[in-house]
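Peer 1: Letter by letter, the chains look like this.
Protein chains: 2
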Amino acid sequence: MSNVTKLSDKFNLFQVPWHPKIVGELNDSYVKLAKLKGEFVWHHHANEDELFLVIKGTLVIKLRDQELTIHEGEFVIIPKGIEHLPVAQEEVQVLLLESKTTLNTGNVQNERTVEAEWI
Amino acid sequence: MSNVTKLSDKFNLFQVPWHPKIVGELNDSYVKLAKLKGEFVWHHHANEDELFLVIKGTLVIKLRDQELTIHEGEFVIIPKGIEHLPVAQEEVQVLLLESKTTLNTGNVQNERTVEAEWI
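As you go down the protein sequences, you meet chains A and B in turn.
Here the first sequence is numbered in this note's numbering, starting from 1 and rising by one per residue.
Here the second sequence is numbered in this note's numbering, starting from 120 and rising by one per residue.
Chain A with its partners taken away, still in its complex shape (with noise of 0.2 Å):
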């Protein structure tokens, strides 16, 4: 059995900022929704790289030497052992693709860490 997953209901169904969710798993990755809104802290994933893929808004993602603008329709991926900085200046609605290992603040463990739970 397979389901149509539509994103805007998804999205509907949670509201505080920086808490993926998880959506759908495919091989040994989630695909998972955020709303991201101000700043995030700097940080980076081991093992692991990331996908950003914007469905509304415009997203900012700060690395060491340069800063990516991310507009609705466009993705970025930000490579393992890179050190990113996502900032929102309004609310702003993505899709991520990650592996199932992938802690939302990488290397950094504090009170931003969450664990991503289904929705």
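Since the hints were derived computationally from the structure, they do not count as laboratory data.
Quick caveat, the model's predicted, so the values are computed rather than measured.
Treat the hints with caution; some may be incorrect.
As the list claims (entries may be wrong) - Below, a sample of chain A positions facing chain B; criterion: calculated Cβ distance under 10 Å:
(1) E25
(2) L26
(3) I70
(4) H71
(5) L97
(6) R112
Quick reminder that beta carbons are idealized off the backbone N, C-alpha and C, glycines included.
The hints should help you fit chain B onto chain A, whose structure is shown.
Peer 2: Okay, now just chain B, sitting in the frame of chain A:
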């Protein structure tokens, strides 16, 4: 160095349906874009799950026991081993997420089999 990839720019680079193009890689996966038009062939992927996210148009995926209709902003994940037949009455633009080992026609090798190339 990370780059922002704009889906619509990439879709403008090719026209031929059923020839997925690689636009990104992360971990053991490729992000691919494809235009679909008409009916493909029944096939399955023995070892790999496959994600279809519809960017434009309406995609039907027939399974042996159900039929999925996927609109813009919706996705499905076809688990490994499940036979499926994508059908696009009008042109559909999809983002695919697949293992690097995935062949477009899965277990079937015929004139529809193509090697995905980077764009």
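Peer 1: What are the numbers of the hints the structure violates, in ascending order?
Peer 2: 6
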